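Novice: So you can see what is in the structure, the chains are spelled out below.
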Amino acid sequence: GAVVSQHPSWVICKSGTSVKIECRSLDFQATTMFWYRQFPKQSLMLMATSNEGSKATYEQGVEKDKFLINHASLTLSTLTVTSAHPEDSSFYICSARDKTGPSYEQYFGPGTRLTVT
Amino acid sequence: GENVEQHPSTLSVQEGDSAVIKCTYSDSASNYFPWYKQELGKGPQLIIDIRSNVGEKKDQRIAVTLNKTAKHFSLHITETQPEDSAVYFCAASGGDYKLSFGAGTTVTVRA
Numbered sequence: 001g002a003v004v005s006q007h008p009s010w011v012i013c014k015s016g017t018s019v020k021i022e023c024r025s026l027d028f029q030a031t032t033m034f035w036y037r038q039f040p041k042q043s044l045m046l047m048a049t050s051n052e053g054s055k056a057t058y059e060q061g062v063e064k065d066k067f068l069i070n071h072a073s074l075t076l077s078t079l080t081v082t083s084a085h086p087e088d089s090s091f092y093i094c095s096a097r098d099k100t101g102p103s104y105e106q107y108f109g110p111g112t113r114l115t116v117t
Numbered sequence: 118g119e120n121v122e123q124h125p126s127t128l129s130v131q132e133g134d135s136a137v138i139k140c141t142y143s144d145s146a147s148n149y150f151p152w153y154k155q156e157l158g159k160g161p162q163l164i165i166d167i168r169s170n171v172g173e174k175k176d177q178r179i180a181v182t183l184n185k186t187a188k189h190f191s192l193h194i195t196e197t198q199p200e201d202s203a204v205y206f207c208a209a210s211g212g213d214y215k216l217s218f219g220a221g222t223t224v225t226v227r228a
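Protein chains in written order, with this note's numbering: chain X, 1 to 117; chain B, 118 to 228.
Don't read these hints as lab results, they were simulated from the structure.
All values reported here derive from a predicted model rather than from experimental measurement.
Hints may contain errors.
[As the list claims (entries may be wrong)] Distance condition first, Cα-Cα at most 30 Å in a straight line; then the derived DSS-like pairs of lysine-lysine:
#  : chain 1 : residue 1 : chain 2 : residue 2
1  : X       : K41       : B       : K139
2  : B       : K175      : X       : K41
3  : B       : K185      : X       : K99
4  : X       : K20       : B       : K175
5  : X       : K66       : B       : K139
6  : B       : K175      : B       : K185
7  : B       : K154      : X       : K20
8  : B       : K174      : B       : K185
9  : B       : K185      : X       : K64
10 : X       : K55       : B       : K175
11 : B       : K215      : X       : K99
12 : B       : K175      : B       : K159
13 : X       : K20       : X       : K99
14 : X       : K41       : X       : K66
15 : B       : K215      : X       : K55
16 : B       : K139      : B       : K154
17 : X       : K41       : B       : K159
18 : B       : K175      : X       : K14
19 : X       : K64       : X       : K14
20 : X       : K64       : X       : K20
21 : X       : K14       : X       : K41
22 : B       : K215      : X       : K20
23 : X       : K14       : X       : K99
24 : B       : K154      : X       : K41
25 : X       : K66       : B       : K188
26 : B       : K215      : B       : K159
27 : B       : K154      : B       : K185
28 : B       : K159      : X       : K14
29 : B       : K159      : X       : K64
30 : X       : K99       : B       : K174
31 : B       : K188      : X       : K99
32 : X       : K99       : B       : K159
33 : X       : K66       : B       : K215
34 : X       : K41       : B       : K188
35 : X       : K55       : B       : K159
36 : B       : K154      : X       : K99
Make the full structure from the sequences, and use the hints.
Specialist: Set out below in structure tokens:
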């Protein structure tokens, strides 16, 4: 149980285009979903927190107009990187909190590798 | 905000030996301390966690200890195996459920 999926697992896009990444909780309802970015050989950095039906909360330094987050249901959150540039190339990982499970535990997705050319 | 420091950044151990990774945190309000294992190209996988009302927790070869007074917690892996080779991250979380991660430790188990 407690499986989180991400789609796509990897994507290559041209500079200036937008790309959408999906995060789904497959067997539980997620109260909250989190989006992280991880550069090579670095740690995970929280980008934003999204709650179903409400606006996402972004961490300091993360441009909310560039990284659009939509949490339309208790099982799906999407991250859209708008007008992508090579410096946005990174590993994007989502996590989800189970609405009914231990309140602190987060279940992580497998990540999405974004390469902007 | 919370600041988590993790040491060492790399750790090489002989198969069968123990590995210890240490973390310190800054926010006394933090009360949840998970440890994650991340393999190359994959998302982090929770291996063990501890709440602030517990001093130690063990799951087979893995144990975590927490010292709230000193604001530090440690991961202990005994009888290491080659498949334990990975990057390990500690994290801390408080009432807002946000996780602050340490910088990571690359563990290499030599056969």
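Novice: Take the hints in turn and mark each one as holding or not.
Specialist: The hints, checked one at a time:
Taking the CA atoms of X/K41 and B/K139, the gap is near 19 Å; set against the 30 Å cutoff, the hint holds. Distance hint between B/K175 and X/K41 is fulfilled; the C-alpha atoms sit about 29 Å from each other, no more than 30 Å. About 28 Å separates the Cα atoms of B/K185 and X/K99, which keeps this hinted pair within 30 Å; it holds. Proximity of X/K20 to B/K175 is assessed by CA-CA distance (about 40 Å); at most 30 Å being required, the pair is judged violated.
Using a Cα cut-off of 30 Å, the hinted pair X/K66 and B/K139 is violated, with the two alpha carbons roughly 36 Å apart. Using a Cα cut-off of 30 Å, the hinted pair B/K175 and B/K185 holds, with the two alpha carbons roughly 18 Å apart. The suggested pairing of B/K154 with X/K20 holds, with an alpha-carbon distance near 27 Å, which does not exceed 30 Å. Of the supplied pair hints, the one linking B/K174 and B/K185 holds, its CA atoms being roughly 14 Å apart against a limit of 30 Å.
Distance hint between B/K185 and X/K64 is unfulfilled; the C-alpha atoms sit about 35 Å from each other, more than 30 Å. A C-alpha spacing of about 39 Å is found between X/K55 and B/K175, which places the hinted pair above 30 Å, so the restraint is violated. A threshold of 30 Å between alpha carbons decides the hint, and for B/K215 with X/K99 the separation of about 15 Å falls inside it, so the pair holds. For the proposed pair B/K175 and B/K159, the alpha carbon gap of about 25 Å is at most 30 Å, so the pair holds.
With a CA separation close to 25 Å, the supplied pair X/K20 and X/K99 stays within the 30 Å bound. With a C-alpha separation of about 24 Å, the suggested pair X/K41 and X/K66 falls inside the 30 Å cut-off, and the hint holds. Under the criterion of a C-alpha separation no larger than 30 Å, the hint pairing B/K215 with X/K55 is consistent with the structure, at around 16 Å. Distance restraint check for B/K139 and B/K154: the Cα-Cα separation of roughly 14 Å lies within the 30 Å cut-off, and the hinted pair is therefore satisfied.
With a CA separation close to 13 Å, the supplied pair X/K41 and B/K159 stays within the 30 Å bound. At roughly 48 Å between alpha-carbon atoms, B/K175 and X/K14 are farther apart than 30 Å, so this suggested pair is violated. As the CA atoms of X/K64 and X/K14 are separated by approximately 21 Å, the hinted pair is consistent with the 30 Å bound. A threshold of 30 Å between alpha carbons decides the hint, and for X/K64 with X/K20 the separation of about 14 Å falls inside it, so the pair holds.
As the CA atoms of X/K14 and X/K41 are separated by approximately 24 Å, the hinted pair is consistent with the 30 Å bound. The straight-line distance between the Cα atoms of B/K215 and X/K20 is roughly 23 Å, inside the 30 Å bound, and the hint therefore holds. Only pairs whose Cα atoms come within 30 Å are accepted, and X/K14 paired with X/K99 is rejected, the gap being roughly 37 Å. At roughly 14 Å between alpha-carbon atoms, B/K154 and X/K41 fall within 30 Å of each other, so this suggested pair holds.
Taking the CA atoms of X/K66 and B/K188, the gap is near 36 Å; set against the 30 Å cutoff, the hint is violated. Among the hinted pairs, B/K215 with B/K159 is consistent with the structure: their alpha-carbon atoms are about 21 Å apart, no more than 30 Å. As the CA atoms of B/K154 and B/K185 are separated by approximately 23 Å, the hinted pair is consistent with the 30 Å bound. A distance of roughly 24 Å separates the Cα atoms of B/K159 and X/K14; the hinted pair therefore holds under the 30 Å criterion.
With a C-alpha separation of about 26 Å, the suggested pairing of B/K159 with X/K64 holds against the 30 Å cut-off. The hinted pair formed by X/K99 and B/K174 meets the criterion: a straight-line CA distance of about 25 Å does not exceed 30 Å. Between B/K188 and X/K99 the CA atoms are separated by roughly 29 Å; this keeps the pair inside 30 Å, and the hint holds. Restraint check for X/K99 and B/K159: satisfied, since their Cα atoms lie roughly 24 Å apart, inside the 30 Å limit.
Distance restraint check for X/K66 and B/K215: the Cα-Cα separation of roughly 21 Å lies within the 30 Å cut-off, and the hinted pair is therefore satisfied. Distance check on the hinted pair: X/K41 and B/K188 sit about 26 Å apart at the alpha-carbon level, within 30 Å; holds. The straight-line distance between the Cα atoms of X/K55 and B/K159 is roughly 28 Å, inside the 30 Å bound, and the hint therefore holds. Taken as a hint, the B/K154 and X/K99 pair is honoured in the structure, with Cα atoms around 24 Å apart against an allowance of 30 Å.
Checked against the numbered hints given earlier, this structure breaks hints 4, 5, 9, 10, 18, 23, 25; the rest are met.
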